[in-house]
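Visitor: Given only the sequences and the hints, what does the whole structure look like? Please build it.
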Amino acid sequence: MGQFREEIQRDTRSGLQFGASVPMGLNVLYGRSELTVFPTCFRKVCLLGDIAVGKTSLARRFVNGVFDVAYQSSIGLKVSRKAIHFPGVCGMRELMLLLWDLAGDEGFESQVNHLHGAAGAVLVYDLTRPETLAALRDLSEALFRVSPEAKLVLAANKRDLVEEQHLNLHYVETVAASLGASYYLTSARTGAGVDALFLHLAQLLVAST
Amino acid sequence: MGSMLQSTWLDGRLVSSNTGLELEMMSVWNSVDPAIVQLICQECGISYVIADQGFTVVRGGGAVTTLASEGDAIIGRSLLSLFPELIGSEDMLFGILMGEQPRLDLKHINRTASDGSTRYITLSVLPCWRETAVTGLLVVATDASEQGRYAQALNQQRNELRLQHSNLSETNAHLDFLLRHYVPMEVADALLDERLVSQPGGELRQVSVLFADLRGYTRAAEQWSPSKTMEVLNAYLDVASNAVAAVGGTIVQFMGDAVMALFNAPNDQPDHAWRAVRAGLNIQKMAEMHRFDGGADLPPLHFGVGINTGHAVVGNTGARWRYDYTAVGDTTNVAFRISTVARAREVWIGPTTLELLPGCVEAVPIEPMHFKGKEEPIVVYRAISVDKDAEVGENGTVDAVTGSRSCSAV
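If you're matching them up, the sequences are chains A and B in order. Quick note: our numbering has the first sequence finishing at residue 796, numbered continuously throughout. Quick note: our numbering has the second sequence finishing at residue 412, numbered continuously throughout.
Careful, some of the hints might be misleading.
Said to hold, decoys possible - Selected chain B positions facing chain A (Cβ under 8 Å, derived; list incomplete):
id	residue
1	S91
2	D93
3	G97
4	I111
5	N112
6	Q154
7	H167
8	R324
For the record, the hints were derived by calculation from the structure and aren't laboratory data. Every residue, glycine too, gets a C-beta built ideally from N, C-alpha and C.
Guide: Here is the structure:
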């Protein structure tokens, strides 16, 4: 495992390769050929958080590299996937992240029902709305009840909308520490911190394999 | 189709969430024409696949386009490749196979169609029985796009309202903060309660006016950095403000290194003279406690306090688009003049103020003062102490509760 981690760190410094993103719906609906490289490792990752914190935007930014400024509320569940390659790592060619984008207002119970089998989660809150932090503790506890080994990362999103002098990093750090998670200041609009967040989560998932 | 379909579907169940219709296919299944089943499924936007215990699709039907495009083979494919939403739920699927779990439901799965529109699929995974054993999984996918679009539209409106409400609450909190920090708190409350009208103008009212001027500040400021100057000034102004607020006074102005406070406006305070003197003495005591030594060659800073009582016009003065709540008139002018001549660490009061505090304040007369703009000299008094507890008389005079004239200040 030590050599394995060393390989990951070396690759991180040189930049891990992201696999081509495959829009989930199109691939399944219209029977396009599967990925030529059959993924050797799927990992389910849930995006959790209150309404309008940017869960869908983060997923779209990471998977498709796009951002839509218009707010479109989500219902139900969106699953998208993105491959992350770890070349040279023995026993694994590709980590396929299955991002479960869960609607923020489906109700706590509904979100909890979708947590089964989750290897990790991105807890998302809106930096411009501190009250959106409140729901994350309950969600993380619910996740650990069904997936005790799940890895967490906290996304403090909408960084582009907060001026430097109004940024309360101490509060973010305190919350992240209480959740036992690393945190990233992200902006789905600009893309800042998004790849780094998911890459870090991927590394946590690989390290725990 | 016959034997395999009979053995697979015997005692099976077909669920349609789209229409709310639940058809229980019992032993009569064998007599039902499969073509009719296919027709019903297509009409209701239902598709189904049956997978074996290795999660390989062995049978499918219904509105196949819910699952894949026309012509695409689904038989022989992995169930998980057809429904990637089931990845990660393998333990639950095995639970269904083992009879430990009745079913698995996933509502409103978003799928993107070729035209970019969003379709909503509801997925149900059920055990597929063969006689008395579960031999596979029945996965029913229902196209719930119409319901989903309505639900999404409703959700959109509801969420936008929630966000607007949240924004409004935040804006209100911010405005309230600004109001209370740039306008005297008592004035803010009076405005919000509509006891005060937010337009230029005022009323004639008897008030006590207090000015506290920081002695030695100007000289000290010459030698300090701008940030230190501000820090020291704010510290002393904070002391004076707290002393005034502690007895219910209203800070109406900060004028550089001086503070102006009102008593009996905007709130009614019959004992305003007593409050003003007590505030002045407290300013001196608290400034002494919070004394800031600006440096070895500079004396510590102290206030000179002047108080006067009388009638003044109290209200909003200024331009039509910008005004301050304050008191104007001779009473205010004299209070200011007194504060400019009062010695550091002392509280000097006007004659009217003393008249309203018979037997309640210990004061010694200062020689008559000739103030600018006044024809007659004014006898000013140095307040030494004021009774802690006092009662307000009929004419607004304040009498000591104990009746003693010599009472220690707070």
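Visitor: Now, for every hint given, state plainly whether the structure supports it.
Guide: Against the structure, the hints:
1. S91: B:S91 check passes; min Cβ-Cβ to chain A is 5 Å, inside 8 Å.
2. D93: Cβ of B:D93 sits 7 Å from chain A, so the hint holds.
3. G97: Constraint on B:G97 not satisfied, violated at 10 Å.
4. I111: B:I111 check passes; min Cβ-Cβ to chain A is 5 Å, inside 8 Å.
5. N112: Holds. Min distance 4 Å.
6. Q154: B:Q154 check passes; min Cβ-Cβ to chain A is 5 Å, inside 8 Å.
7. H167: Status violated, d = 12 Å.
8. R324: Violated. Min distance 27 Å.
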